[in-house]
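Novice: What follows is each chain in one-letter form.
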Amino acid sequence: MAHELPYIAAIVEAIQLEMERDESVLYFGQNMATTENEPFVDAFGKDRVRVTPISETAEIGIAIGAALAGFRPVVELYMAEFMLVAMDQVLNEAPRFRGMSGGQVRVPIVLKAGYGFTAGWAGQHTGTLNALFMGVPGLKVAVPSTAADAKGLMATAIRDDNPVVYLHNYLLTLDHGEVPDGEYLVPFGEAAVRREGSDVTIVGTGWTVDRALGAAERLAGEGIQAEVIDPRTIAPLDTHTILESVEKTGHLVLVDQATRHASVSTVIAGEVAEHGFGSLKAPVVQVTGLDATIPYSEPLEAHVLPDDDKVVAAVQRVLGTAPVTA
Amino acid sequence: MVAEKLGGEQARRLLATMWRIRIFEERVGQLTRAGEIDGLIHLSIGQEGVAVAVCAQLRDDDHVYSGHRAHGHAIAKGAGLDRVMAELMGRDTGLCRGLGGSMHLVDVEHGFMGATGVVGGNVPIALGSALASRLRGSDAVAVVFFGDGAVQAGHFVETVNLAALWRLPLVFVCENNGFAEFTPRSAHTVVERVSDVVAPYGLERATVDGNDVPAVWDAFGGYLASARTGGGPFLLECLTHRVRGHYEGDPGRYRETLAEAEWREKDPILRLERHSAAEGWFSDDALPGIAAAAADEVEAAVRFGRESRFPPPELVEAMVYADG
Chain Z
1 MAHELPYIAA IVEAIQLEME RDESVLYFGQ NMATTENEPF VDAFGKDRVR
51 VTPISETAEI GIAIGAALAG FRPVVELYMA EFMLVAMDQV LNEAPRFRGM
101 SGGQVRVPIV LKAGYGFTAG WAGQHTGTLN ALFMGVPGLK VAVPSTAADA
151 KGLMATAIRD DNPVVYLHNY LLTLDHGEVP DGEYLVPFGE AAVRREGSDV
201 TIVGTGWTVD RALGAAERLA GEGIQAEVID PRTIAPLDTH TILESVEKTG
251 HLVLVDQATR HASVSTVIAG EVAEHGFGSL KAPVVQVTGL DATIPYSEPL
301 EAHVLPDDDK VVAAVQRVLG TAPVTA
Chain L
1 MVAEKLGGEQ ARRLLATMWR IRIFEERVGQ LTRAGEIDGL IHLSIGQEGV
51 AVAVCAQLRD DDHVYSGHRA HGHAIAKGAG LDRVMAELMG RDTGLCRGLG
101 GSMHLVDVEH GFMGATGVVG GNVPIALGSA LASRLRGSDA VAVVFFGDGA
151 VQAGHFVETV NLAALWRLPL VFVCENNGFA EFTPRSAHTV VERVSDVVAP
201 YGLERATVDG NDVPAVWDAF GGYLASARTG GGPFLLECLT HRVRGHYEGD
251 PGRYRETLAE AEWREKDPIL RLERHSAAEG WFSDDALPGI AAAAADEVEA
301 AVRFGRESRF PPPELVEAMV YADG
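Heads up: the protein sequence lines correspond to chains Z and L, in order.
Those letters in the first sequence? Residues 1 to 326, per this note's numbering, in order.
Those letters in the second sequence? Residues 1 to 324, per this note's numbering, in order.
Bound conformation, chain Z alone:
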């Protein structure tokens, strides 16, 4: 059975179910649990649900230490950018402890943060820093694009014995979707094929999965069948499913909200260039954000970001059905 929920509520449902299931799950962050009638405090008490000062380094550090001592903290960080002030903890402490200790310890923490809020939030609250995290051995990175995955990936993240950066896209916050009832786990490292097709493979993550699906719908009207793949986790990254699809279609378009040189798409392009070159009938085309700080002004913000039109144009270019431009 399933029920309909907004993406953000699906995340909350997963945290709630995991906290009911496992007493070692803690939940803390800024501006939460400030009143007695807050539902999480009401359900789990102020020991397990805690408001913190604006101290990302201490918030993540305490989570790491509590994890070393056997708990499973979920840190509510709100914005991916807020992790930037605590990068030592995120990139250089949490993911390194296990390896550096020769396997003596585990660090099961979830760093929950929204990203990509390109809705007038300007230069410091809109970034798509996802690829920054995927490049750090020891971190896992989940990027849900649907309400169901939002729930299933969060549940898996909490049960995982490694530090997980869970990145939910703010533009999807209120998008509704069918969410399975009760316990629901989405495995890490297994891409979802969102639409099957034989002419071109389009890979998107998070919000750009919808851009890929929107473009695929329009391309279908032109008789072009696009296969849309959503990796769902970018670390581990399911390159196998992507390579298999490229073997079938011979064409690849990669869509990413991030700046090109720090994008998941560039990493995938490299993998396909090395392992799938023989399948490619045309060069890979990437549709990414421009290498620029996201501007405030709405038309300029749109100019910087990928959209359905840009994805359609990229597909036409890769298939040779449109003139190639610079």
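Please note that a few of the clues may not be correct.
Quick look at which bits of chain L chain Z covers, simulated, 3 or more residues with Cβ under 8 Å [claimed, not checked]:
#: 1; segment: 20 to 30
#: 2; segment: 104 to 116
#: 3; segment: 123 to 134
#: 4; segment: 241 to 250
Derived lysine to any residue pairs resembling SDA-like cross-links, with alpha carbons at most 20 Å apart [stated by the list, open to error]:
#: 5; chain 1: Z; residue 1: 281; chain 2: Z; residue 2: 239
#: 6; chain 1: Z; residue 1: 46; chain 2: L; residue 2: 311
#: 7; chain 1: Z; residue 1: 281; chain 2: Z; residue 2: 316
#: 8; chain 1: Z; residue 1: 46; chain 2: L; residue 2: 161
Hints in this document: simulated from the structure, not taken from any laboratory.
Backbone N, C-alpha and C fix where the C-beta goes; we use that ideal spot for every residue, glycine too.
Keeping the supplied structure of chain Z fixed, place chain L upon it in accordance with the hints.
Specialist: Frame of chain Z, contents of chain L only:
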């Protein structure tokens, strides 16, 4: 609260551990110069008094965190010299199977939860052990060692604030050796005493002579007893002296070497030996035996390291993720 006073039996144990750390680190210095240990090494020679007076009062379930100068803390908390030496030699029998090295010693069995190499990075993590202890209703206490250099980093203030706000059973132990890496404290801050930095947070705090082992023992023991029964956090600043440079190979042009006679006055080992004699705890002729036993153990550790294999290459990727 007042802890148990340092007695003769404990003093003998502390001396033995200090000698083990001292001779171990002197040997590590030699092996580094000889190229047998080829990683980055920071020695704590001169600072052993703090490590032993603190760690000897702790249990295995009390979690300790340290920084880049961690050999003494790990050994004082119970890590075997052989396992630490093998780790510094990069061997599979090392504490961390050769993957961590000098700056990242971890010995979970003895509650030495970890040394981290970025100055101050360990400080907030110690909060988590203290929180875990509180949530479990345990009387275990967390201790974090750091140098005076860490105090000017943001991690420190964030941690002190949260520890005080949540009243966590955490004892901050600052080893103030007057140098943050290569720079004197005066070039870092206008606040001379680390204990003054935390004053607004209402922590119980003290500054002691870190080379005076009974003084460190008493001050830390009081905080520990209180932290076990709901008190905390606390800060203990131990003024001490780093005999070696910041790292092995440091030419040390930024400071004068202490004169031999002056150092003999300050050396925490010699001071505890003199103190023990004055207290009549044991006679002078017992002392050479303590140092000789430590030297034998160090040589056995070197042999253990030399005879151990390097870890297999497949270990590297196997250790990236914990098994689901």
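Novice: Give a verdict on every hint.
Specialist: Evaluation of the provided hints:
Counting residues of the segment 20 to 30 of chain L whose C-beta lies closer than 8 Å to any C-beta of chain Z gives 0; at least three are required, and the coverage claim is violated. Closer than 8 Å: that is the beta-carbon criterion, and the segment 104 to 116 of chain L has 7 residues meeting it against chain Z, so the requirement of 3 holds. Proximity of the segment 123 to 134 of chain L to chain Z, defined as three or more residues with a beta carbon under 8 Å from a beta carbon of that chain, is established by the 11 residues found. Here's how the segment 241 to 250 of chain L fares: 0 of its residues keep a CB closer than 8 Å to some CB of chain Z, so the rule of at least three is not met and the hint is violated.
Distance hint between residue 281 (chain Z) and residue 239 (chain Z) is fulfilled; the C-alpha atoms sit about 19 Å from each other, no more than 20 Å. For a cut-off of 20 Å, the pair hint linking residue 46 (chain Z) to residue 311 (chain L) is broken: about 45 Å separates their Cα positions. Restraint check for residue 281 (chain Z) and residue 316 (chain Z): the C-alpha separation of about 13 Å stays at or below 20 Å, so the hint holds. For the hint pairing residue 46 (chain Z) with residue 161 (chain L), the CA-to-CA distance comes to about 19 Å; that is within 20 Å, so the pair holds.
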